[in-house]
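Visitor: Sequence:
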Amino acid sequence: MRHVIALDVGGTGMKAALVGADGELLHQARRATGRERGPDSVVESVLDFAADLRAHGERHFGAPAAAAGVAVPGIVDSDRGIAAYSANLGWRDVPLRDLLGERLHGVPVALGHDVRTGGLAEGRIGAGRGSDRFLFVPLGTGIAGAIGIEGRVEAGAHGFAGEIGHIVVRRDGVPCPCGQRGCLERYASAAAVGEAWAAASGDPDADAAGCAKAVGSGDPRAQAVWQEAVDALADGLVTALTLLDPRTLIIGGGLAEAGETLFTPLRAAVGRRLTFQKPPSVVPAVLGDTAGCRGAGLLAWDLLSTTPTAPSEVTA
Numbered sequence: 065m066r067h068v069i070a071l072d073v074g075g076t077g078m079k080a081a082l083v084g085a086d087g088e089l090l091h092q093a094r095r096a097t098g099r100e101r102g103p104d105s106v107v108e109s110v111l112d113f114a115a116d117l118r119a120h121g122e123r124h125f126g127a128p129a130a131a132a133g134v135a136v137p138g139i140v141d142s143d144r145g146i147a148a149y150s151a152n153l154g155w156r157d158v159p160l161r162d163l164l165g166e167r168l169h170g171v172p173v174a175l176g177h178d179v180r181t182g183g184l185a186e187g188r189i190g191a192g193r194g195s196d197r198f199l200f201v202p203l204g205t206g207i208a209g210a211i212g213i214e215g216r217v218e219a220g221a222h223g224f225a226g227e228i229g230h231i232v233v234r235r236d237g238v239p240c241p242c243g244q245r246g247c248l249e250r251y252a253s254a255a256a257v258g259e260a261w262a263a264a265s266g267d268p269d270a271d272a273a274g275c276a277k278a279v280g281s282g283d284p285r286a287q288a289v290w291q292e293a294v295d296a297l298a299d300g301l302v303t304a305l306t307l308l309d310p311r312t313l314i315i316g317g318g319l320a321e322a323g324e325t326l327f328t329p330l331r332a333a334v335g336r337r338l339t340f341q342k343p344p345s346v347v348p349a350v351l352g353d354t355a356g357c358r359g360a361g362l363l364a365w366d367l368l369s370t371t372p373t374a375p376s377e378v379t380a
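If you use the working numbering, the sequence shown corresponds to residues 65 to 380, in order.
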């Protein structure tokens with residue numbers, strides 16, 4: 065059975081699959097990155113995992129994988145196949161595409177950024193399926209974005225397209241590690257909501273999930289924290305909508321797990337801010353933590369296509 069290898073490398077763990085031509089996940093596996101042993105160990109873990117996946121495909125499907133796709137965090141130079149930098153993994157300028165190609169006996173390898181690769185999957189086969197233009201925004205520790213246009217993800221001239229988390233939504237607001245003040249992710253990320261709720265509740269262990277639960281129970285302190293985050297998120301999204309005019313706005317990440325506790329007030333807040341803009345569909349992501357792996361599979365299949373649609377990117 066013809067298949068490709070897909071790898072989604074995170075800060076502490078890796079998700080992987082063998083993916084069929086129809087997108088079916090024929091085999092799935094997970095492993096730790098081993099980052100506590102240093103960046104060289106992480107690279108070796110990725111290479112070993114890929115080799116084991118190749119061997120599994122040979123044993124069970126009668127042939128090696130036709131290609132491989134890998135999604136990694138940090139700064140990625142997809143044109144040269146280099147994982148340029150990751151603070152979480154500690155690596156710099158790793159020629160990951162060449163290393164994987166060598167370990168996998170010369171099969172073609174695609175390298176992509178984790179958020180944009182996940183956005184590719186959500187847009188093409190997930191919540192945005194059938195939409196010619198979408199914006200994927202995962203709300204996690206930070207906030208990033210993926211701009212989808214006719215089945216591909218736009219990286220921009222310098223690889224920073226979609227960095228919606230660093231739109232300034234509160235002038236002279238909270239300082240951001242990027243050097244600006246008032247960035248969206250300092251107000252509407254899961255980490256920011258958790259910090260605000262911990263301060264409001266007096267519980268240093270409080271997190272965003274606890275805030276959402278308290279909102280549901282009618283706690284006015286939680287409602288105030290939540291509404292501040294929703295308003296900031298709506299401000300950032302309307303800026304993006306005005307520039308990009310997507311048909312579908314896909315919200316993912318940990319904060320989206322709050323369901324309608326998030327989506328009902330968010331749709332209302334976005335609607336209140338629109339004037340001439342056409343309202344998009346605001347929908348939750350549907351692929352969960354498989355999005356990056358599925359997207360890596362799409363990148364691999366795109367390499368084998370006569371009309372590839374995989375993004376060419378240098379991303380952060």
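FYI, nobody ran anything at the bench for these hints, they're computed from the structure. Treat the hints with care, as some may be off.
[Stated by the list, open to error] Distance windows between CB atoms, simulated: (1) PRO343 <-> ARG193: 13 to 21 Å; (2) LEU90 <-> ASN152: 25 to 33 Å; (3) GLY102 <-> LEU338: 27 to 35 Å; (4) THR306 <-> CYS242: 20 to 28 Å; (5) PRO103 <-> LEU368: 26 to 34 Å; (6) PRO343 <-> ASP116: 12 to 20 Å; (7) LEU368 <-> ARG285: 27 to 35 Å; (8) ASP269 <-> THR76: 48 to 56 Å; (9) ASP196 <-> PHE125: 33 to 41 Å; (10) GLY170 <-> ALA221: 54 to 62 Å.
The structure presented is a predicted model; accordingly, all values stated were derived computationally and were not measured. We put the beta carbon where it would ideally sit given N, CA and C, even for glycine.
Visitor: Now tell me, hint by hint, if it's right for this structure.
Guide: Cross-check of the supplied hints:
1. PRO343 <-> ARG193: 13 to 21 Å: Given range 13 to 21 Å: holds, Cβ gap about 20 Å.
2. LEU90 <-> ASN152: 25 to 33 Å: Given range 25 to 33 Å: holds, Cβ gap about 29 Å.
3. GLY102 <-> LEU338: 27 to 35 Å: The hint (27 to 35 Å, Cβ to Cβ) is violated, given that GLY102 and LEU338 are roughly 49 Å apart.
4. THR306 <-> CYS242: 20 to 28 Å: holds, 22 Å
5. PRO103 <-> LEU368: 26 to 34 Å: Holds, since PRO103 and LEU368 (Cβ atoms, about 30 Å apart) stay within the stated range.
6. PRO343 <-> ASP116: 12 to 20 Å: violated, 47 Å
7. LEU368 <-> ARG285: 27 to 35 Å: violated, 54 Å
8. ASP269 <-> THR76: 48 to 56 Å: The hint (48 to 56 Å, Cβ to Cβ) is violated, given that ASP269 and THR76 are roughly 20 Å apart.
9. ASP196 <-> PHE125: 33 to 41 Å: This hint holds: roughly 34 Å between Cβ atoms.
10. GLY170 <-> ALA221: 54 to 62 Å: violated, 32 Å
The earlier numbered hints that this structure contradicts are 3, 6, 7, 8 and 10.
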